[in-house]
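Asker: Chains as they are written, first to last, in the working numbering: chain P, 1 to 341; chain S, 1 to 341; chain A, 1 to 321; chain U, 1 to 321.
None of these hints come from the bench; they were simulated from the model. Please note that a few of the clues may not be correct.
[Claimed, not checked] Below, computed lysine to aspartate or glutamate pairings styled on EDC-like, alpha-carbon distance capped at 16 Å:
1. Lys-38(A) <-> Glu-292(P)
2. Lys-24(P) <-> Glu-327(P)
3. Lys-190(A) <-> Glu-217(S)
4. Lys-198(A) <-> Glu-156(A)
5. Lys-41(U) <-> Asp-249(S)
6. Lys-38(A) <-> Asp-250(P)
7. Lys-41(U) <-> Glu-11(U)
8. Lys-38(U) <-> Asp-250(S)
9. Lys-190(A) <-> Glu-225(A)
10. Lys-41(A) <-> Glu-292(P)
11. Lys-198(U) <-> Glu-225(U)
12. Lys-198(U) <-> Asp-281(U)
13. Lys-221(S) <-> Glu-203(S)
14. Lys-38(U) <-> Glu-56(S)
15. Lys-190(U) <-> Glu-327(P)
16. Lys-259(S) <-> Asp-208(S)
[Claimed, not checked] Computed spacing ranges between beta-carbons, pair by pair:
17. Ala-31(S) <-> Arg-45(U): 29 to 37 Å
18. Arg-45(U) <-> His-248(S): 16 to 24 Å
19. Arg-32(A) <-> Arg-306(S): 44 to 52 Å
20. Lys-221(U) <-> Trp-324(P): 52 to 60 Å
Backbone N, C-alpha and C define an ideal beta-carbon position, used for all residues, glycine too.
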Amino acid sequence: MDSHASLFQEGFHWMLLARTLEEKIAALYHAGKIVGGVYLGRGQEAFSASMALCLEKGRDIFAPLIRDQAGRMAFGEPMIDTARTYLGSALGPMRGRDGNIHRGRPSKGMPAMISHLGAMIAVVCGMLKARQFQGQSGTVGATCIGDGGTSTGAFHEAMNMASVERLPLVIAVANNQFAYSTPTDRQYGCRDLVDRAAGYGVEGYVVDGTDLEACLEVFTKAVSRARAGHGPQMVVGNLLRLCGHGAHDDGSYIPDELKATDLGRDCLKLARQRMLNKNWATLSELEMMEAEASEAVQQAVAQAQRDPLPDPAQESWQPISSTWLMETMTNSPFHTDSKRA
Amino acid sequence: MDSHASLFQEGFHWMLLARTLEEKIAALYHAGKIVGGVYLGRGQEAFSASMALCLEKGRDIFAPLIRDQAGRMAFGEPMIDTARTYLGSALGPMRGRDGNIHRGRPSKGMPAMISHLGAMIAVVCGMLKARQFQGQSGTVGATCIGDGGTSTGAFHEAMNMASVERLPLVIAVANNQFAYSTPTDRQYGCRDLVDRAAGYGVEGYVVDGTDLEACLEVFTKAVSRARAGHGPQMVVGNLLRLCGHGAHDDGSYIPDELKATDLGRDCLKLARQRMLNKNWATLSELEMMEAEASEAVQQAVAQAQRDPLPDPAQESWQPISSTWLMETMTNSPFHTDSKRA
Amino acid sequence: MSITYLEAIREAQARALREDPNVFIYGQDIARFGGAFKATKNLAREFPGRVLDSPISEDAMMGLAVGAAIEGMRPIVEMQFADFSSIAFNQIVNQAATHYWRTGIPCPLVVRLPSGGTAGSGPFHSQSMESLYAHYPGLIVLTPATVGDAYWMLLEAITLNDPVIFCEHKFLYYHLKADELPDERLPIGKARIVRHGKHASVVTYSAMLHESLRAADELAKLGYEIEVVDLRSIKPMDTDTILASVARTGRLLAVGEAFPWGGVTAEVVSRVVAEGFHLLDAPPKRLNARDTPIPYHPNLWAAHRPTAATIAEALRELLGF
Amino acid sequence: MSITYLEAIREAQARALREDPNVFIYGQDIARFGGAFKATKNLAREFPGRVLDSPISEDAMMGLAVGAAIEGMRPIVEMQFADFSSIAFNQIVNQAATHYWRTGIPCPLVVRLPSGGTAGSGPFHSQSMESLYAHYPGLIVLTPATVGDAYWMLLEAITLNDPVIFCEHKFLYYHLKADELPDERLPIGKARIVRHGKHASVVTYSAMLHESLRAADELAKLGYEIEVVDLRSIKPMDTDTILASVARTGRLLAVGEAFPWGGVTAEVVSRVVAEGFHLLDAPPKRLNARDTPIPYHPNLWAAHRPTAATIAEALRELLGF
Ligand SMILES: Cc1ncc(C[n+]2csc(CCOP(=O)(O)OP(=O)(O)O)c2C)c(N)n1
Ligand SMILES: Cc1ncc(C[n+]2csc(CCOP(=O)(O)OP(=O)(O)O)c2C)c(N)n1
Ligand SMILES: [Mg+2]
Ligand SMILES: [Mg+2]
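Make the full structure from the sequences, and use the hints.
Answerer: What follows is the structure in C-alpha cells.
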C-alpha cells in the first residue's frame, strides 16, 4: 500500500476515534456527568486530523482549538487526557483546574488554549520564535481558528506578526458557516476568508473540508512549504458544523437547505465509503475498527471515572511558581485578612 | 475656472495653511512654549486635505489622526482650535484637559482621537450606524490610519465590522514608510497594504500621496461610492513622512535614498508648481497667499497665547455628566479620604 | 407568575427598546438566537433592526457603541461573558470612560457583563471584573443582586448619560426568582440594608449577598444579629449607608467574589476606616475569592469563592470566637 | 560617573542579554532606534538579532512573549507607554498570568511599562496601571523608585520563573540619578524603610516616594519625624514591614499616583487595619490622584496627582492639625 493510502487510513483512524470519543463525551454530558461546556468537532474531523497528521510529533507544535479532538489525537494526545479533563480528574493534564477543551501539554508541543478566540496564534508565533532562537529552524507550528475567530483583533495581529517574522506557521481556518449561532454574513464581508491571506502576505489555500483526501493533500503542501521557509500558510476549509455550538445547543438555527449542500456532508461517512471503494478496508474490518474504537473509549472513560477528583484541601492555591514569594503574595491562606501563613 | 481647478486650489490653500501653522507650532515647541508632543503632517498635506475636501461639512464625519492638520482645516476646524489645544488654553475645545492632536468637536462631526492607534475607526462606524438608525443614510464617515496603525487588532475588527454592516466608511491609509522609527518591512509582510481591502470585502485604491490632483480624484471617487451605498472604501496613499515622528525626533533614521525617490517629494512644492504651471495663480499671488497664511497663523497663535490657562481651582474634576452621582463617586474633593463633599 | 433575574434583564431591555427609539442592542448571538443566556430572547423579533448580531470583535463592538452614543443613540452592548470584555478593555477605559471629561459630550451606553462564577465554568467564563472598571475614572459600575434591582437598575442605567458597566451575575440568572417585579426602586448610587442587625455588618454585593444572608442565618442560630448591606452600585459607592451600618454594629466584614488584591472589599474597608475608625470595635475584615484563576472543577470552585460557610466562619472570627 | 534610573534599566537589560542567551527584547522602535525613551539604546547593535522591533500589535507582542517563555526563552517586552498595555490586557491577565497555574509550566517574562505622569503627557501617556495587574492572580508587579532598584529588581525579575509587570516611572527616567550603582540589593518582595521616623508612616512607591520624602522634610521643619516606606513591589506586598512601621508610628498615610478607587493604597490600608488595627492611633488615610483622566496641561496635572505639598497637607491632617 502506498504512503498516500496509509496516510488516509491513519486519518480515518483518528477521525473515527475522535467521533466515537466525542459521542461518549456528549452522552456523559446529557447524563449530567460532565459539568460545564462540551464542544464537539463533528463534521470537522477530516480537516482537523489532516493538519495534525502532516506535523512531526515531538518536533512540531500544534495548538488546537475547540473542534480539534481529531487533530489532538492525531498529534498524540492520549484519549485519557480528554476524558480526564472533561471529568475533572485530578490526574489529568489540567488537574481539574481547567476543563473540557482548555487542555494541553505545552512540553509536548501542544499549548493549552485559553477561551479568548485568536489568542493562541501569537503564542504559537512565540513558540516558533523560541525555536528559531534555539537554532531549531525546521519546526512548524500549526493552529486553528473558526470563521468567527477571524474577526478578532488577535487573529489579525498574530497573522501579521507571523508574516513580518516569516515564521513557519500554518493556520487552519475551519469555516463551518457559523460562529455559535451567527452565520457568516454577519461575521465577514469578504468573498472568501482566503482573501485575507494576500493581505498578510501569506500563502493561501481553499479546500473542501469534508474530503479527507483533499485535506491531507493541502496540509501536506502547506506544512512542507512552511518548513521550507516560505513563511506562514493559511488553509481555509469549507465545511459545516454537524452539531450545535456545544452539547447544550441543538443548532436548530442551521437551515436544512445548508445541511443538504456539499458542505453538510459527513466527512467521516465519506472517508469510510472511500476506504471501502478503494479496498483499503473491508466492511468487516471497518466494523472491527469501530468496535475497537468503542472499546478504547469505554476504557478511557472508565479509567477517568475511577480517578481521584481534585481536593481543595490538597490544592496549593499557588498562582506563581516562585514559591518563596507566596508568603506575601496575598494575605491568606484562608483568603481572609486575619490569618497569614 | 472649472470645478476641478477650484478644488485643487482649495486643496492647495489648506495645505499651505496647515504647513504654515505646523511650522509655527514646531517653532513654539523648540522655543519651549509647548509642553508634551508635537506631531506634524509634513509631506502628507495633499493626501489629508483631499480626503476632507471630498466630504460635506455639516453632514459627514471626519475622524483625523496625528498627521491630519490639513484635513482638519479643510473639514472646517478653525486654526485657533489647534493653537489653543497645543498651548493648553482653557478656551480651546479640550480646555487644557487634553493636548496637541487629541482634539476634536464631536458635535461638528469630528471626534477627538484617543492615542491608541486604530481605536477611532470603530467609533466612526458607530457614528455612521447612529446616522443609519436616525434615517440619515447619506452620511459618509472618513478616517485615517498610518502604515503602523494597520497592525492593530482595532483596525482589523473595525474594518471587518464596517464591511459586515456595509457602512459608508472611507479609510485613508497614509503609508509614510515609517511608524515612528520602524520601517514597513518590520510592520507588514504583504505586497501592498491595499491587498488588505479584498480581505475585508471593501473597495481598495492606491494613490501617489504626494500628488494633490491624484489624491483629489481618488477620494472623490471613494467618497461618492461610499455615499452611493457601495460599502467601505480603502485608499492607500504612498508618501514619505518629511519630518521626524514628533518635533522631538530628527528622523535621522530615514535613509537619504528613500528621500530621493518619488515618495520623498514635497506635495506642497509639487502643488505650488502645478498652480503656476496651470496658470491657476501667479507667483505674486502665491506669495500673497503665503504671506496671508503666515499672518493668519500669527494671529491665531497670538490670540491663543493671550488666553487664560486652565485653573485647577476652577476645575470641576468631574469625570461623569451625571452630577448628582458625583457626591459618592470618590471620597474626595481633596482626593484624600477624610474630606468629603 | 414569577420572574427570574434573567427575565428581569430581558424585560428591562424590552421596555427600554419600547420607550426610547434611540436604544439598540449589539452583541454576539443576541438577535435570532436571543443570546448565550437568552437575555435578549425574542427581542430581535419584537424590535426589528434594533437587536443586532455582531462579529466576534469586542474591541470594535465597544468602539461602535461609543460612536453611536456620542451621536445620540443609547447602545446596550452585551458581552457574551464578562471575561471577554478584556478584549474591549481599551475602548471601555480609554474611549468610553474619558469621553465626557475630554470633550464635554456625554457617552451614554451600557455594557452588560455576564459575570461571576458558576460550577464548571473555569478560569475564562467566571470572572468578576467590576473592580477593574471601577478603578478607571468615568465609569459607573453596577452590581445588582436582586430581581428588582436587575430590572430597575438596568432601566435607570440606560437613561443615564454616562457609560455604565452593568455586572449581571450568571449564577443568579436562573437561580434567583421573585414572585413579581417589585415596584420599590432605590436610585443608583444608594446601598440597601437588606437585613438589619446589631452585632456585625456584612457589606457585599451581587451573588455574595445571598451567601451572606445565609451566613447571617447561621449566625442567628448562635444568637448574633448580622446586618447585611447590599452595595448595589460599587461606583459610586454609598459610603454613608455603609458607615451608618458600621455605626450600629461596630464590626465590618466586606465580602466579594472577585480576586483578593485591591478591589471592592479593599475600597469598602478603606472608606470605613478613614471616616468611621472610631465606630469600629474590632479590626475590619475582608473575604474574597482566592488568589488563583477560577478553577473548573466544582470541588475547587466551591473552595475558591466565599460561601455561606466561609462567610459564617469569618463572622465568627470577627465576633471574637 | 553618575547613572540615571533610565540608564540603570538599560544596563540591567544589557547584563541580562550578556549573561543569559535566552533573554531577548521585543517592542516597538527598540532596535536601531533604541526605544521611545532610549531604554534599549545600542542594545540591538551589541546583541544582534536579540532586540527586535515589533509591529504595533501589543496583543500579539504579549502572545509571542508567552509562547517564547513557555519554550524556555526569557522575553522582555517593552510597551512604548504603559497605557498601551491596555491592548495587551487580555494576553497579560488571561494568558501569561494563568499559565503556570493551569499547566504547571512556568511563564518567565517581563513586561516593561513606562508608567506614570509627566507634564504635558495627557490622559493616554501618563497612566499607572499597577493595580489592574496586581488584581489578577499570577502576576508579580514591581514598582522601583530608585536607581538601584531599577537595576537590581529588573535583573532579578528577568531571572524569576513568573510573569513580571515592571512599572518604570517615566518621570524618574531622567530626573533620578545616582552617583553609582549601589551594591546593596534587597530581594523582590521586601519593602524598604527609606526614612526613619516616629510620628507617622507614609507607605508609598515609585515616583511618589520622592514626593513623600520631600513632604517628610517639610514636616521635619515642624518637628515631626515621618517614616517613609517604599513598597518596591506591590505584589507581593510586604505587609510585615508596613506593620512594623505602623507599630512604631501609630499613624498611616498610603500614597499613590494611580486613580483613587481601589488599588494599591486601598490594599495597604486594608492589610494594615486587618492585622494592625490596635497599632493605630488615628484613622489611616489614603492620598491618590484625582478621579478623572490625567490632564494634559501642567497646571491641571500638578493638581491631579499627589505632590509634596498635598502629601504634607495630608500628613498635617493625620497628625491632628
Ligand atoms: C474573544 C471571544 N469572544 C467571544 C467568545 C465566545 N465564543 C466562544 S466560541 C464562539 C463562536 C466561535 O465561532 P467560530 O470561531 O466560527 O468557531 P466554531 O465554534 O464555529 O468552531 C464564541 C462567540 C470567545 N471565546 N472569545
Ligand atoms: C496601540 C498603540 N501602540 C503604540 C502607540 C505609540 N505610537 C504612537 S504613533 C506610533 C507610530 C505610528 O505609526 P503609523 O501608524 O505609521 O503613523 P505615522 O506616525 O507614520 O503617521 C506609535 C508606535 C500608540 N499610539 N498606540
Ligand atoms: Mg464557525
Ligand atoms: Mg507611518
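Asker: Compare the structure with each hint and give your call.
Answerer: Right, here's what the structure says about each hint:
Pair hint Lys-38(A) plus Glu-292(P) does not hold up; C-alpha atoms about 41 Å apart against a cutoff of 16 Å. The hinted pair formed by Lys-24(P) and Glu-327(P) fails the criterion: a straight-line CA distance of about 44 Å is larger than 16 Å. About 58 Å separates the Cα atoms of Lys-190(A) and Glu-217(S), which puts this hinted pair outside 16 Å; it is violated. A threshold of 16 Å between alpha carbons decides the hint, and for Lys-198(A) with Glu-156(A) the separation of about 32 Å lies outside it, so the pair is violated.
At roughly 15 Å between alpha-carbon atoms, Lys-41(U) and Asp-249(S) fall within 16 Å of each other, so this suggested pair holds. Distance restraint check for Lys-38(A) and Asp-250(P): the Cα-Cα separation of roughly 14 Å lies within the 16 Å cut-off, and the hinted pair is therefore satisfied. With a C-alpha separation of about 10 Å, the suggested pairing of Lys-41(U) with Glu-11(U) holds against the 16 Å cut-off. For the proposed pair Lys-38(U) and Asp-250(S), the alpha carbon gap of about 14 Å is at most 16 Å, so the pair holds.
Our distance criterion of 16 Å between C-alpha atoms is broken by Lys-190(A) and Glu-225(A), whose separation comes to about 23 Å. Proposed proximity of Lys-41(A) and Glu-292(P) is contradicted: the alpha carbons are some 44 Å apart, above 16 Å. Pair hint Lys-198(U) plus Glu-225(U) holds up; C-alpha atoms about 6 Å apart against a cutoff of 16 Å. Proximity of Lys-198(U) to Asp-281(U) is assessed by CA-CA distance (about 12 Å); at most 16 Å being required, the pair is judged to hold.
Between the alpha carbons of Lys-221(S) and Glu-203(S) the distance comes to roughly 11 Å, so the proposed pair stays at or under 16 Å and holds. With a CA separation close to 44 Å, the supplied pair Lys-38(U) and Glu-56(S) exceeds the 16 Å bound. A threshold of 16 Å between alpha carbons decides the hint, and for Lys-190(U) with Glu-327(P) the separation of about 11 Å falls inside it, so the pair holds. Restraint check for Lys-259(S) and Asp-208(S): satisfied, since their Cα atoms lie roughly 15 Å apart, inside the 16 Å limit.
Between Ala-31(S) and Arg-45(U) the C-beta distance comes to about 34 Å, which sits within the given range of 29 to 37 Å. The given range of 16 to 24 Å is respected by Arg-45(U) and His-248(S), whose C-beta atoms sit roughly 22 Å from each other. Judged by the Cβ atoms, the range 44 to 52 Å given for Arg-32(A) and Arg-306(S) is violated: they are separated by roughly 60 Å. A hinted range of 52 to 60 Å is violated for the C-beta pair Lys-221(U) and Trp-324(P), which are about 42 Å apart.
The structure is inconsistent with the numbered hints 1, 2, 3, 4, 9, 10, 14, 19 and 20, although it conforms to all the rest.
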